[in-house]
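Peer 1: With the hints as extra help, turn the sequences into a complete structure.
Quick note, the sequences are listed as chains A and B, same order. Letter 142 of the first sequence, counting from 1, is numbered 142 in the numbering used here, and no numbers are missing. Letter 213 of the second sequence, counting from 1, is numbered 1213 in the numbering used here, and no numbers are missing.
In short, the hints are calculated from the structure, not lab data. Cβ atoms here follow ideal geometry from the backbone N, Cα and C, with glycine treated the same way. A couple of the hints might just be wrong.
Claimed, not checked - Listed next, with one range per pair, are the computed distances between beta-carbon atoms:
1) Phe1168(B) - Arg503(A): 27 to 35 Å
2) Phe1168(B) - Thr457(A): 50 to 58 Å
3) Asn449(A) - Pro1250(B): 39 to 47 Å
4) Val481(A) - Phe1168(B): 20 to 28 Å
5) Asn449(A) - Ser1049(B): 15 to 23 Å
To be verified - According to the in silico footprint, chain A covers these stretches of chain B (three or more CB under 8 Å from chain A):
6) 1108-1120
7) 1152-1161
To be verified - Residues from chain A shown here face chain B by an in silico Cβ test under 7 Å; the list is partial:
8) Ile445
9) Lys446
10) Val454
11) Tyr460
12) Phe465
13) Gly467
Each chain is listed here by its residues.
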Amino acid sequence: MIKKLLIYFSLLFIVASAGAEITRFEMSAPNAVEMGQQFRLTFTVNERGSNLQLPPGLSNNFDVLMGPSTGQSTSIRTINGQTTTEVTYSYTYILRAKSEGEFEIRPATIEAGGKVIESNPLKIQVVPAQSQSQPQTQQQTPRGGENQGSQSVDLGGDNLFLRVEMSKQNVFRGEQIIATVKLYADPNIPISGFDEVNLPTYEGFYTQDIEIPNQINFTREVYNNRIYQVGVLKKTVLFPQQNGTITVNPFSMTLLVQQRVRPRSFFDDFFSGVQTVRTTLTSSAVRVNVKDLPTQPANFYGGVGNFNISSELSAEDVTTNDAVTLKLTINGTGNLRLIRNPELKLPSDFEVYDPRSTENVRATDNGVSGTKTVEYLFQPRFEGEYTIPSISFAFFNPASGTYETLSTREYTLRVEKGTGAQSATVMSSRQREDLQLIGQDIRFIKQGNPLLRVKGTTFYGTPLFYGIYGGSALLFLILFVMYRKKARENANLALMRNKKANRVAIKRLKAAAGFMKKNENEAFHEAILKAFWGYLSDKLGIPVAHLNRDSALAALRERNVDEELTSSFVEIIEQCEFARYAPSGGSEARGELYKKAASTMSRLEKQIKR
Amino acid sequence: MVTTMVKKYCLFLFGMLVFLQVSAQDTIQVLWEKANAYYTTEEYQQAVSAYEQILNSGQESARLYFNLGNAYYKAGDINNAILNYERAKLLAPQDPDIDFNLRLANQFVVTEIEALPQPFFTRWRNRIINLYPADTWAGISIGAFILFLGLLGLFIFGRSSQLKRFSFWIGILTITVSAFTFSFAARQKEKINQRKHAIVFCPRVTVKSAPAQTSTDLFLLYEGVKVEISDSVNTWKEIRLSDGNVGWLPDSCIVRI
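Peer 2: This is the structure:
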């Protein structure tokens, strides 16, 4: 334990002190070897080192046949006038595996610059010796280590093929799969180049390519207990988009392989017997079974993978019409690009803009990971305290096969009133929705009394219709005639009374004369008054009830009766009325009054007639 | 138990019989209500036949035609719907509901005819005349006439000259109103009586230049179009469209409003 700590410390120290120039010590070997086959274990160090200690326990599993053979390479680089020299020292051992299996080679150490440096560990897989290649290697060795394999190897079947490797075969919809297109070739087949490469089209998947170096590096890999040199042509992350079995169709590519031509005669061997052969490889179809997701919750936005969410509100204290942003960050691995923007339920009187989302996604060998940022922009229109609700985000975790729900925190947004002018414009621009017509249909039938009548009949044109005209006209005529007649009769009556007036008056005066002789004072005066009033009533057409001194005088004046005459008339009236209640005077005064009355009457008669 | 069931059953039968008897002597009011109920429960075919039954009794009204038009519309018979709306409009030219439904029904008519513009005074006169049906105009006319007579009396027997002047002018106004409304009533009545317009019922008909099958084809008409009948020869009718086109049609293709 203490030892380990010490090592860590020393490592840290080294790293710290070698800030300018780091001493690198690396160990490299093929990752797969055949049983009984020789292979190289190489250490490289960029500084002169000493006391190279082989990894402990190495000789348990491997025979060290030869080594170390040292080498040195120097590279001089000039960048912007600065020249740097790098010297690399290498130590090579030739090993041979003792037994089959997978072995771990622990780090080796070396002393360089006064420090002990540890190398990286390695893993080597040892596979059984292959019957086919074994004689070839035997054949190869006497040729003096000529590594340029130019033997004729069968190019079909197990020796050279294409394969699409899927990280998983049974997945949920939306779960990511890493598809690797690999070229497997027997180590003895020298591939000199590619021609037409038709990489597979992944139909039914949403794809994202993983970046790999343009140059294809062949690595040794064990497949079906055989060692192959394997070139990775393409790596793609696949997201299945449909349920059921999706088949990746076979694809093909053409390879250029150098092949030795079998000598047909003795002389052929002196000339170049190597020839480039074109061979076309076709992969086999690969199937992926896609299961549908279980019943989706309402807050599921299409995310399949493993995610985390966080949120951030740009400001919690704002004034009206300030723009506020709620930033939601989803990070993790999975189909980030296929996640829809989660819904944010904002108060209804906010001005809400469309959320903007950005993705920062990397595709690596572990799948697609990164972050998706959704920005919700809104403007509060009115002051007050609002609650920005939490966003609930559910995703499907294919590892556990269940939905997991995450929520952001709730925010309280305090909005204060902004400047008056602003809010005034806002008030005027408040959303007023027009009446929305949803459908159109005829109006409903009429209820109530049908108001039926016989077809084609109208009140207009009926005898009753014309009858009302005629009847009303007739009625009018009748009324008119009757009125006229009555008026005429009335007129005649007045005339008659007018004519009779004098006679009646004279008669009454005579009666007065009789009262005078009998010395009946009251009756005499009354008779004179009666004579006058009755006369005037008949003569002027004023009913007796309406007749008094004023109306009589007005009527007389209207008829241009002399002022002197009216005054004498007034005198007589006054005298009579006075005498009625205060009996005085003798028969002489009565006689005089009578004479005066008679003369006034006759003069009135003349003047009114005129 | 069984006997009570039988009793109930008998009672039910008896009730049915009574009901049937009553329905046999349906008054028109009951028919009307039944038809409306059919319409409300969306049994449009039954509603149509009930309304038609009322019409067959020789009675009519704008409401009846309107409801019948609605029932036809809902049953999918646009031609008959248009026909009945037009009939309803003759009797009640001022009803906005009729106008609305007619406009909606006319959207199904294939042939679109752009009416010739009329001079403004014709338009104004038509609009005023169509404010009321014949009988309302007749009533207004009578009222105005009686008012006129009253004013005439006032004029003749009135004593003050101011009253006479007033009654004179108002009297002239009322007699003019009476005369005009009388003519309006006459015009509305004439529209009802003449029934000069018709609806094309043939799905597709060729309008000819003369009342003969061999004459030149002028234009095509599709069902639902309203035409004006201007002449008639045997089984042929001369029709005039609102855009001024004139031609001859066989009698069987149109139904008079």
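Peer 1: Would you mind marking each hint as holding or not holding in the structure?
Peer 2: Consistency of the hints with the structure:
Our hint of 27 to 35 Å for Phe1168(B) and Arg503(A) is violated, since their Cβ atoms are close to 44 Å apart. Between Phe1168(B) and Thr457(A) the beta carbons are some 38 Å apart, a value that contradicts the proposed interval 50 to 58 Å. For Asn449(A) and Pro1250(B), the Cβ-Cβ distance of about 40 Å falls inside the hinted range of 39 to 47 Å, so the restraint holds. One distance hint, 20 to 28 Å for the beta-carbon pair Val481(A) and Phe1168(B), holds here, with the actual separation near 21 Å.
Between Asn449(A) and Ser1049(B), the C-beta spacing of about 21 Å keeps the proposed range 15 to 23 Å intact. Coverage of the region 1108-1120 of chain B by chain A is violated. Counting CB-CB distances below 8 Å, 0 residues qualify, and the rule asks for three or more. Only residues whose C-beta sits within less than 8 Å of a C-beta in chain A count toward coverage, and the region 1152-1161 of chain B has 4 of them, enough to reach three; the restraint holds. Satisfaction of the interface hint for Ile445(A) is found here, the shortest Cβ-Cβ separation to chain B being roughly 4 Å, below the 7 Å cut-off.
For the restraint placing Lys446(A) at the interface with chain B, the shortest Cβ-Cβ distance is roughly 4 Å, inside the 7 Å limit, so the hint holds. Interface hint status for Val454(A): upheld, as the beta-carbon distance to the closest one in chain B is roughly 6 Å, under 7 Å. Checking Tyr460(A) against chain B: minimum C-beta separation of about 4 Å stays under 7 Å; hint holds. The interface hint given for Phe465(A) holds, since its Cβ lies 6 Å from the closest Cβ of chain B, which is under the 7 Å cut-off.
With its C-beta approaching chain B no nearer than about 10 Å, Gly467(A) sits outside the 7 Å limit, and its interface hint is violated.
Checked against the numbered hints given earlier, the structure breaks hints 1, 2, 6 and 13 and satisfies all the rest.
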